[in-house]
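Novice: Residue strings, one per chain:
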Amino acid sequence: MNRIAECFELKRQKGQKALIPYMMGGYPTLPDSAAALEILAEAGADLIEVGVPFSDPLADGPVIQAAGQQALANGCTLDRLMKELGPVVKGLPVPAVMMVYYNIIYQRGIRRFVEEIRDNGFAGLIVPDLPPEEAEELQKAGLECGIGLSFLVAPTSTPQRIATASRCSTGFIYAVSLKGVTGARDHLPPDLPEFLQRIRSQSDKPVAVGFGIAQPWQGQTVAQMADGIIVGSAVIQRMAGENGLKEAGMFLREMRQAIDR
Amino acid sequence: MSHPKEWYFGEYGGRFVPETLMPALEELDAAYRRYAGDPDFNRELTELYREYSGRPTPLYYAERFSKELGKGRVYLKREDLNHTGAHKINNTLGQILLAKRMGKKRIVAETGAGQHGVATATVAAKFGMECVIYMGEVDMARQALNVFRMKLLGAEVRPVTSGSRTLKDAGNEALRDWVAHVDDTYFLFGSVAGPHPYPVIVRDFQSIIGKETKEQILAKAGKLPDYVVACVGGGSNAMGIFHPFIHDREVRLIGVEAAGRGLATGEHAASLGMGKPGIFQGAKSYLLMDDDGQIKEAYSISAGLDYPGVGPEHSWLKDSGRAVYQSVTDEEALEAFKYLSLTEGIIPALESAHAVAAGMKIASGLKEGQICVINISGRGDKDIFTVAKETGVSL
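Protein sequence lines correspond, in order, to chains A and B. At position 253 of the first sequence (counting the first as 1) the number is 253 in this note's numbering, and the numbers step up by one without a gap. At position 365 of the second sequence (counting the first as 1) the number is 365 in this note's numbering, and the numbers step up by one without a gap.
Hints are computed from structural coordinates only; laboratory data are not their basis.
The calculated lysine-lysine pairs, modelled on DSSO-like cross-linking and capped at a C-alpha distance of 27 angstroms, are: (1) B:K296 x A:K83; (2) B:K105 x A:K179; (3) B:K276 x A:K140; (4) B:K338 x B:K389; (5) B:K361 x B:K67; (6) B:K71 x B:K338; (7) B:K389 x B:K296; (8) B:K367 x B:K67; (9) B:K211 x B:K100; (10) B:K100 x A:K179; (11) B:K5 x A:K140.
Chain A is faced by these chain B residues, among others (derived, beta-carbon under 10 angstroms): (12) F16; (13) E26; (14) D169; (15) G278; (16) D290; (17) D291; (18) D292; (19) G293; (20) Q294; (21) K296.
Glycine included, C-beta positions come from ideal geometry on N, C-alpha and C.
Sequences and hints are given; from them, build the entire structure.
Specialist: Below, the structure written as structure tokens:
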């Protein structure tokens, strides 16, 4: 069992749900993003998702787009990101997974990329623009290097596609809660329970729900239906100010309390 | 899991998009397969081409241009004479018929120079569909005339402020809109790029250019051309005129990219000439990027060529050697723009002027009896202000 699967199994045994914050490597600055890893872990994260900034992030809304642009403007290259975050990731009490657009993996070389993130302590990969049909080589490298892969399923996914994504995922399945890009919403999609039912009928893997979860009540509601929740833009937003990292930590604590209630 | 072969041209193409869009692309693919060979669909499209857009467009023998330059004959495929002034409408008419049959109510599209946006707004108006066009803020300032045209046609033009605020970012934003409104919205993509099946759909609708050219040149000259020349940004007009000639090995296919201020300056849009294969906006193809794979901004005097990617079929044609890709600088394109205006009384779009510039070099080396066809993909009215500014004239 890989570290991601173990993490979900442990939560299940405790009767708890996994809290997965998303942060952007290199944002607000590279050293701050390294510090953020530890702060988020301390604040109750079970798994941390680390975004790699990309010039053309198709699946992301304005908050994560802007964070990525700032990280790139700060000179956050892949090498610098690994160098700065790698040692911290290795020392974390919880696993970290990388969220990265496929061109960055492809340019580095698929096998080399997977080896590098393994050597830097990452446990898994999420690639938002890579459907299972295009993932053959990455799956092979992931299996050989012990890097978990989480595929995304969306409310538009057919039962057959959900089954495929589940079969190809090692670790957890990433359920995109809504039709749209990342970003805070003030409501939950009304068809979410039905969507999660559809996933459960096709899959026995842990399901983490992301996109649009920004407030503790939303986290609490979704956590009752899923195995974990992913909170991205709402975390990033709080990192912007002067005491940003502290505020992000406080926010995550609130979210933790809400989902453990 | 592996991908179906038909998503690819050799090793280029594919479908690299968020999962939300995968079922929508499957739906589009199924609809296209169903209607591509449907007699009613094709009858309606052919009639629109004829009655609405003014097809067939002429294949015009540019006599003065030919004789001043060399011994051969140069023909111009007059896509500039289409309704809305460019080849873009060949594709938007086809896709709007598809959207209508798929029961979609709302159209979204990206635009760079505004030609595809205008062609999309035009067909949306004609078919009474809601239309949202995404356009980079920078392009909106450069092409204010086209922004106003789109608004007159009833489209909402949404400024894109992310990234480089040009065509690539408009494409991202249109895709994001589609992700959010996938049930009732049709994404009317304007080039032979993007995820499968767009490169196939757009190429098929644009290949009316090449089909007509082939018939016309056989009727006029009794032989196939020795050269077919077209400009390449995303590559839709080039793919449209190349495609029917691909199996005619004696016809040399020449694609012309924008060398901007010069390939050595880094300010250009020569994805095939200077780029590497990578994944961008849903497909694997040549593109301009840094070592990490961050997409670079492209530059060209012509907003329609100013794109860091290119259609995957062009990448395949390049690697296989079936088509040859050259590039032309801003300066050479401006020279060609003026030359065609003065010798033939035809003001080409700056995009097409790149093809004209390459065509001039070819024309000067033609032997007697040889034929070169240049695709004049659009007319130059939209570029008058840019050309005036570049040549130091204030209007």
